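Chains D and Z are the protein sequences, given in the same order. If you're matching positions, the first sequence starts at 1 in the numbering used here and goes up one per residue. If you're matching positions, the second sequence starts at 1 in the numbering used here and goes up one per residue.
Warning: the hint list may mix true and false statements.
[Claimed, not checked] Ranges of calculated distance between the beta carbons of each label pair, as one might list FRET restraints:
| no. | chain 1 | residue 1 | chain 2 | residue 2 | range |
| --- | --- | --- | --- | --- | --- |
| 1 | Z | R52 | D | K324 | 22 to 30 Å |
| 2 | Z | D130 | D | R654 | 51 to 59 Å |
| 3 | Z | D64 | D | S44 | 48 to 56 Å |
| 4 | Z | H28 | D | N640 | 28 to 36 Å |
These aren't lab readings, by the way, just hints derived from the structure by calculation. Remember, it's a predicted structure, so these values are computed and weren't measured experimentally. Don't be surprised by glycine CBs; every beta carbon is placed ideally from N, CA and C.
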Amino acid sequence: MSLTVSELPHKEQALFRAALKLYEVKQFKKGLKTCDQILKKYSSHGETLAVKGMFLAHLDRKEEAYETIKRGIEISPKSSISWHVYGIVCRFDENYEEAARCYEEALKADSENPTILRELGQLYTQLRQYQKLVEVRSRIVKIDSSTPHYWLGLAVAHQLTGRNDLALKVISTHEHILLDESSPFKANNSSYKGDVSELLMYKNWLMELNGDYQTALDNLKEVRPRVTDVTAWKEQKAKLLLKLDRKEAAASAYQDLIQRNPDSNTYICGYLSCNGLDISRPEDKDAVLEIIKGLQQQFPKSNALKFLPLTFCNGDDFVKEADKLAKFSLRKGIPSLFTSMKTLYTDKVKGETLGKLFEGYSSQLRATKRLDDSTDDESLSVSTWCMFYLAQHADYYGNYERALQLMEAAINASPDTVDLYMVKAKILKHAGDIRGARDVMDFGRQKDLNDRFINTRTVKYMLRNNEVDDAEKTIVLFVRDDAEHMIQEIVDTQTIWYMRERGHAYRRLDDIGRALKHFHQVSHSFETYHKDQYDFHTYAIRKFTIRAYIDILEWEDQVFTHPVYVDSAVAAISCYVDLHDRKAAGSPFAPISVDTSKKPMTRNGTAKSGQHNLSAGVGESKPAAVDADPNGSAFVMADNHLEKALKFVEVLERSVGSQPETHVSAFEVHLRMKKYFLALKSINSLRAIDDNHPSLVPMVVRINTALDADDSFAAPMKAALKGQLTKVFGDASIAKTIEENSKYLPFALAGAKGLICLGGDTNIAQAKGLLVQAASERYGATRTLKSLIEARDLLANVGASESERSTFAASAKKVFSLATCF
Amino acid sequence: MITIRQARASDEIAMQNCNLTNLPENYHMKYYLYHLATWPELSFVAENEQGRVVGYVLAKMNEDMTEPLDGHITSLSVMRSYRRLGIAERLMNQAQRAMFEVFDAKCVSLHVRISNIAAFSLYRNTLSFDIDHTEPKYYADGEDAYSMKKDLTALYSLEQENLDF
Numbered sequence: 001m002s003l004t005v006s007e008l009p010h011k012e013q014a015l016f017r018a019a020l021k022l023y024e025v026k027q028f029k030k031g032l033k034t035c036d037q038i039l040k041k042y043s044s045h046g047e048t049l050a051v052k053g054m055f056l057a058h059l060d061r062k063e064e065a066y067e068t069i070k071r072g073i074e075i076s077p078k079s080s081i082s083w084h085v086y087g088i089v090c091r092f093d094e095n096y097e098e099a100a101r102c103y104e105e106a107l108k109a110d111s112e113n114p115t116i117l118r119e120l121g122q123l124y125t126q127l128r129q130y131q132k133l134v135e136v137r138s139r140i141v142k143i144d145s146s147t148p149h150y151w152l153g154l155a156v157a158h159q160l161t162g163r164n165d166l167a168l169k170v171i172s173t174h175e176h177i178l179l180d181e182s183s184p185f186k187a188n189n190s191s192y193k194g195d196v197s198e199l200l201m202y203k204n205w206l207m208e209l210n211g212d213y214q215t216a217l218d219n220l221k222e223v224r225p226r227v228t229d230v231t232a233w234k235e236q237k238a239k240l241l242l243k244l245d246r247k248e249a250a251a252s253a254y255q256d257l258i259q260r261n262p263d264s265n266t267y268i269c270g271y272l273s274c275n276g277l278d279i280s281r282p283e284d285k286d287a288v289l290e291i292i293k294g295l296q297q298q299f300p301k302s303n304a305l306k307f308l309p310l311t312f313c314n315g316d317d318f319v320k321e322a323d324k325l326a327k328f329s330l331r332k333g334i335p336s337l338f339t340s341m342k343t344l345y346t347d348k349v350k351g352e353t354l355g356k357l358f359e360g361y362s363s364q365l366r367a368t369k370r371l372d373d374s375t376d377d378e379s380l381s382v383s384t385w386c387m388f389y390l391a392q393h394a395d396y397y398g399n400y401e402r403a404l405q406l407m408e409a410a411i412n413a414s415p416d417t418v419d420l421y422m423v424k425a426k427i428l429k430h431a432g433d434i435r436g437a438r439d440v441m442d443f444g445r446q447k448d449l450n451d452r453f454i455n456t457r458t459v460k461y462m463l464r465n466n467e468v469d470d471a472e473k474t475i476v477l478f479v480r481d482d483a484e485h486m487i488q489e490i491v492d493t494q495t496i497w498y499m500r501e502r503g504h505a506y507r508r509l510d511d512i513g514r515a516l517k518h519f520h521q522v523s524h525s526f527e528t529y530h531k532d533q534y535d536f537h538t539y540a541i542r543k544f545t546i547r548a549y550i551d552i553l554e555w556e557d558q559v560f561t562h563p564v565y566v567d568s569a570v571a572a573i574s575c576y577v578d579l580h581d582r583k584a585a586g587s588p589f590a591p592i593s594v595d596t597s598k599k600p601m602t603r604n605g606t607a608k609s610g611q612h613n614l615s616a617g618v619g620e621s622k623p624a625a626v627d628a629d630p631n632g633s634a635f636v637m638a639d640n641h642l643e644k645a646l647k648f649v650e651v652l653e654r655s656v657g658s659q660p661e662t663h664v665s666a667f668e669v670h671l672r673m674k675k676y677f678l679a680l681k682s683i684n685s686l687r688a689i690d691d692n693h694p695s696l697v698p699m700v701v702r703i704n705t706a707l708d709a710d711d712s713f714a715a716p717m718k719a720a721l722k723g724q725l726t727k728v729f730g731d732a733s734i735a736k737t738i739e740e741n742s743k744y745l746p747f748a749l750a751g752a753k754g755l756i757c758l759g760g761d762t763n764i765a766q767a768k769g770l771l772v773q774a775a776s777e778r779y780g781a782t783r784t785l786k787s788l789i790e791a792r793d794l795l796a797n798v799g800a801s802e803s804e805r806s807t808f809a810a811s812a813k814k815v816f817s818l819a820t821c822f
Numbered sequence: 001m002i003t004i005r006q007a008r009a010s011d012e013i014a015m016q017n018c019n020l021t022n023l024p025e026n027y028h029m030k031y032y033l034y035h036l037a038t039w040p041e042l043s044f045v046a047e048n049e050q051g052r053v054v055g056y057v058l059a060k061m062n063e064d065m066t067e068p069l070d071g072h073i074t075s076l077s078v079m080r081s082y083r084r085l086g087i088a089e090r091l092m093n094q095a096q097r098a099m100f101e102v103f104d105a106k107c108v109s110l111h112v113r114i115s116n117i118a119a120f121s122l123y124r125n126t127l128s129f130d131i132d133h134t135e136p137k138y139y140a141d142g143e144d145a146y147s148m149k150k151d152l153t154a155l156y157s158l159e160q161e162n163l164d165f
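With the rest of the complex left out, here is chain D (with noise of 0.2 Å):
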């Protein structure tokens, strides 16, 4: 019945009320009994059906509660409690759409209620929808001005539509509620004073966004007294005096913030600006190292001043500041000194020249054991930590051979020292010698086993030599004890770099569903933390920590920027475009079996080779509840691949646009699902990003191809695109492309998968003999280890010959010799 609560008898609008306090404390049981109660009577009053469906949504009966609550509404279309009911059970689902819209009927019935105003705020806010946000947000301040987190929120909404100016304004209308002597809020706060201080600094922050500088200085002066986050109102003050362009003030406040930080590049460079001096001029040169050196006396240990003038000296100068700092690391034993100075080597010269300072101490050392300005010999540490340098250097250039001789004479001197080791096996690595590299790495961390950084690091090896088990035995040892499962544990606490790595293996092994299993756990963990920043709309609002509030939403809208993220992404399409492809063929992909007959691994115990037994974890005697799917097959077995593709792509080209990588992918799953424009899309997105890009050929080539055999497109949009095409790219032709860069490989093998994706006999010809070709001596130095290791396996995927394949191997052989991979 449409009867709202208030016409229902007092015993039962009793019961109502009682039902939505049990709703408040979670007391979820108590509150379904309760509505049974008064649907016993009433057993179609839609708000109480509503409220039900509420209390079965947190009891995980979903679809009951669904049904009812929809039941609920169908009733009593106009009742606010119904709709905002709904809209409580949809954000907890996290659909945060569909929860606004419910949401936004809710208000039609009751469009003065701050719960359903409040709410909604954080539902436009999470959805982004900030002009709307604005509007329930003035809504609440109009019912209440005085509650200092509704007005306080509203200036937030302002700034994030960009009005600056408007949020200021509410806040000073406003601020008096809190900052008088008189507030209500004063006593038995212990937030106030720091509430106070956060207040004035963000409403600083808002008058320099609004560009009023110096009325932003002359407030940041009123309000010392009030501010307690010192370090943000001394950083203020110094951008400020810059911005107005008082230097000597500013360069006096940028002192007093480096004595407080002085490895603080920001600071260092803002007190250099100051003198009007710019790091990167090369005239400015001489001055800036005068300062830096002044700095450096007053500041001796600063790490950041000592490595500084290496960034902008050049010539004799260079020389003299890399020899205090090499000698200083030196004799201190920093192991990650290379690491420093690599950033340097983009500089030809500068690389140059560190190799001869370190050649110049190590024959120094051997011959006097010491350095030209030691007052007694140096300790063998010294000489250790010189070769160390100098095998890291060589294998930058790639002089594998010389690298690891270094090392070996390193760790001679010093076998106790698992920096060592760690380097080494990363120059194994490098030089293709994967299972050397691991067996090293594995070894460091046999000298440490409390340390969980070596046994990442080796973990991370086991990987990549796709010895999924061992590396999980490896792992665990650190996860905790108590954990109910290892395994889940290690998803649980968003382990991303792991699930991400194993899947790169799973996929090496052709294990197809484990690997989208595990890209799926590093999306998911995205995900997670995309919608972690729900709860801190209002958190942060209350607690007043706005500029932090405001760097958590920026960080938030870039969140799938991130690395692991998009490497996952991509990962995860060319796996659902491969399933996709091998369906298409005839020969679908089958997911591999778990082993059930098998015991499951101890700590003890050791794997066979090729056994993928994921569901139980090492030591555990039965499998997670969690994991319904332990060997992926619902990501092999689902029917719609290229859609489930097509998810990542989006999210990719929303993200990371301004990647070629981006593109190339999403171009595989356009063309796949005849999208032909969107395909078109990806191309003219790539060649925005480079217009040489070697994969640019190959896309138009197929999709011309793709386009002239589907008889399903209509003609006149076919011309249009084919027309759209040779306008911009001619004639376009695989072989053409090749030959115009003959030196560069990656052209060489992107036209190889272009061909292979084109098929036919002389096409795979064509790109057989591309590939065995791709460790010849013209394509110079992009014949990275990477490359090669795509034409291997390009090359065994297109059915190539013993022979081909060898005589690949071989040539291959001769560019890394110390590969163990060809």
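We have chain D already, so just place chain Z on it with the hints.
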């Protein structure tokens, strides 16, 4: 070399990764966000020349309202390959001072495994923490922890700001 600065939201994934790489005590992303949204001034990161986060300190104020306001170090970790640069010390110094200035903290506390000699030595010798008491079976694997404390009131004083600018 390494720059030390306040942690921002965009550092959170890197901090989580650093934590997962180095320590067995791990947290959900939401817990990192909770720190940032509640005590944004207290957490710091160390960034290398390539922009990678190689160390962090995740800090908070004690939420137990019955005790005087103490700062607390939730987690501190520096990648092994970045030792000997005093990064941990620098991170802790920044966090401590912020606790004092922003929240009037009188002291700062933390937990450390009794077997972790390196960490214990850092806190005891380099950073002048004292053992306050031992907490039996504090860690999930049953190991005991030293609860260590450091008095901040002697270290810092509220400075007189020069407002003549």
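Structure-based check of all given hints:
1. At roughly 25 Å, the beta carbons of R52/Z and K324/D sit within the given window of 22 to 30 Å.
2. The hinted range of 51 to 59 Å is satisfied by D130/Z and R654/D, whose Cβ atoms lie roughly 53 Å apart.
3. The hinted window of 48 to 56 Å between D64/Z and S44/D holds, with their beta carbons roughly 50 Å apart.
4. Separated by about 32 Å at the C-beta atoms, H28/Z and N640/D satisfy the suggested range of 28 to 36 Å.
When each numbered hint is compared with the structure, no violation occurs for any of them.
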